[in-house]
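Listed here are the chains, written in short residue letters.
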Amino acid sequence: MSYEVLGITVLWTFLFGYLIIASIDFGAGFFSFYSSITGKRHLIHNIIERYLSPVWEVTNVFLVFFFVGIVGFFPDTAYYFGTALLIPGSIAIILLAIRGAYYAFNSYGTRSKPAYMFLYGASGLLIPASLSTVLTISEGGYIEVDSSGKVTFLFEKLFASSYSWTVVLLAIVSVLYISAMFLTYYAARAKDVNAFEVVRKYALAWSAPTILSSLLVFFAISSHNPEHFQRMLDLAWMFVASFICFLVAVYLVWTKKRLGLSFVFVMLQFGFAFYGYGAGHLPYILYPYLTIYDNFTSEPMAIGLISVFVLGLMLLIPSLYLLMRLFLFDANYVQGKRENH
Amino acid sequence: MLLSGYDPVFYSRILTSLTLGFHIIFATIGVGVPLMIALAEWIGIKRDDPHYLLLARRWARGFVITVAVGVVTGTAIGLQLSLLWPSFMRVAGQSIALPLFMETFAFFFEAIFLGIYLYTWDRFKNRMVHFWLLIPVVIGSSGSAFFITIVNAFMNAPVGVTVEGGKIVDISPFGAMLSPAMPTKVTHVLVTAYLTCAFILAAIAAWSLLKGRNHVYYKKALKLTMVSAFVFIIASAMIGDLSGKYLAKYQPEKLAAIEWHFETTAQAPLIFGGILTEDNEIKYGLKIPFALSILAHGNPNAVVIGLNDIPEDEHPPLWIHYLFDSKMAFVAIMTLIAAVFMILLWRNRNKAYTSKWMLRSIIVAAPLAVLTIEHGWIFSEVGRQPWILRGIMRTSEGATVSTHVDTMLILFALLYIVLAITVVRVLIRMFRSNTAEAEMADRLIPGGEDK
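If you read the sequences in order, they're chains A and B.
According to the numbering used here, the stretch in the first sequence is residues 1 to 341, in order.
According to the numbering used here, the stretch in the second sequence is residues 1 to 451, in order.
Pulled out of the complex, with its shape left as it was, chain A reads as follows (with noise of 0.2 Å):
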């Protein structure tokens, strides 16, 4: 494997993690908020707040990793989505900074306020509709480079096309379905039987129409980049073990059977279908001006980056390790049998 499929393979994996645990605290943010307007803040607080509480921060470096790891593997990226995403990417961090600062206020300040409530929850739904502009503007199309190296982002462009929202969409609907069969499996495991039925009605409801928007950015794509469209085609089987993994994961919600195995089943859906995304898309990193060939960072440099990341992965996986089995996997802590904040 080259340095350059290496490089995008390690990026795409930390973005791949980022997707899984943000959707997770995003949703939930939402639900938490959605159910005390519906007046069932009461049966799925507790477990939200347990789950979410050690973990927010441990989300955010997901993202931070990606970015500043891609800049170092491909610095060319910083140059051309820098300069396209100032808009998007600067929406994007206003809304990042009060979704996580009011987290903050709300749970660990004194008491919990309805103003803070909502700023976290509806910002947790607006990240992914923003984040998701990155890749939309990857397929090309929404940028437009002329011959002095010039950058402008065609921001009416990306507004106006159909593709765009379909991307939207399927970003706002899969953070509320992970999220909820994520919930699933906590509130079974936490034997909170009344939080456990709220969720797991979140969780079918949302399964539907997430399988119907990505078919829709599926054959938004065709159209779009015909090109990609076609690659994605040849790694087809990858979209269908996707389908499978789905209907896996919803049979066994809907049976209210083996629920972690089932949010494993969302991960491989999830997996499935972003990697074949991801691999249709190589060697593009922004359709059709940079590939992961152009300007990759020096040999030294790669191999430097590599090592520390080898190195850091020894240090992180035995503490996040630490941190599920404390948090996730100890029945006295999940069942709110201990409360030492």
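Everything labelled a hint here was simulated from the structure, so no lab data went into it.
Any given hint could turn out to be false.
Said to hold, decoys possible - Residues of chain B clear of chain A, computed beta-carbon distances all greater than 12 Å:
1. D48
2. N214
3. K223
4. L224
5. G244
6. E263
7. P269
8. F272
9. P289
10. P300
11. V303
12. E314
13. D325
14. R360
15. V364
Claimed, not checked - Below, a list of computed lysine-lysine pairs in the DSS-like style, where the Cα atoms sit at most 30 Å apart:
16. B:K125 / A:K191
17. A:K150 / B:K167
18. B:K356 / B:K223
19. B:K223 / B:K211
20. A:K256 / A:K191
21. B:K249 / B:K167
Where is the CB? At the ideal position from N, CA and C, for every residue including glycine.
We have chain A; now place chain B onto it with these hints.
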């Protein structure tokens, strides 16, 4: 708006300084407070003193709120680097991606263990287990300051790269981390962060004592924080001196601009205060003979390079002199306050906790420490203008060409105002609604109700 005509370089600079200026307040707290929490918890366990343990616990609770703002503004500046300085990041990605990457690892490490630490206060039989969880937090937070300062040191004094025709052609990833600016910058940043946090926490204790809440808990807090502050201020003064010597050798233009030193001379005097006229005459300044030579080279007869020997289009703005002087004045005041407290503690312990003037001065020291950090960073950053990478890339070449930077500036300014107001309100409410006395009574700590 501010200028006639839209200038993305100007607005990018303003927006970056706004974000950084806001972020460093919380970043400094993020670096220093874990160390103070660790000190308090360690003393608490070693002496089996519940007051110190409660101190650690209450500090940690307030700390999370500031961490949240630090994390989100840190994410903001991380992304803004690429959004506002795309051409610079293209070069930085080639040369200093490694420390940037390591910074994220340190942050990751800290994030994981902070989450664990906060939720496991009474979970372990052996209290030291909980204390050990804090060590990765301290290492992670200081580590991220360490690595990100390495990036900044590289911008001040790039090494480990070969430049040909304005392009970086050959890179040594680890070599680029060992900039000559690195040792002084990194240590100065770390120690002053510890110092600032010691003063901030001391001011909280002093405030309570001044309000007549004279529980021994506050006295212990004041003693711990002020003794730490005294140690850190001596350390930061010594490192500050080394930073001056570094500047003389590697960035003479910055030192000359700070000191309004125009002619290259031996036995150079140090100018304190004063104003600069249009034709570079210094008025009303206090001249301290030989002091600049001593500051620069540790020798009163040493030659110090003046601005006249540096091409005019590479001169930093001369107003940084004012910043440097006010910073040094703040340092002098803080040193005095810390020293007086130490003398009181030694000669007349009771007075150290009761003297109204002492307590008031300690409360003043906290905002002064934060201001010193801001002044220091601004003079250090502005002092390397016109370069974004000294000798390689000018700031104007690094900035984005996007339109709308001005609109983003307004949006971010609003965001920071709202965050600043809420964070202060949340913190005040948090500690007012649950006083230390009430918590001691709750936790059945002896002396909980005693006056």
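| field | Structure versus earlier hints - violations, ascending order | value | none
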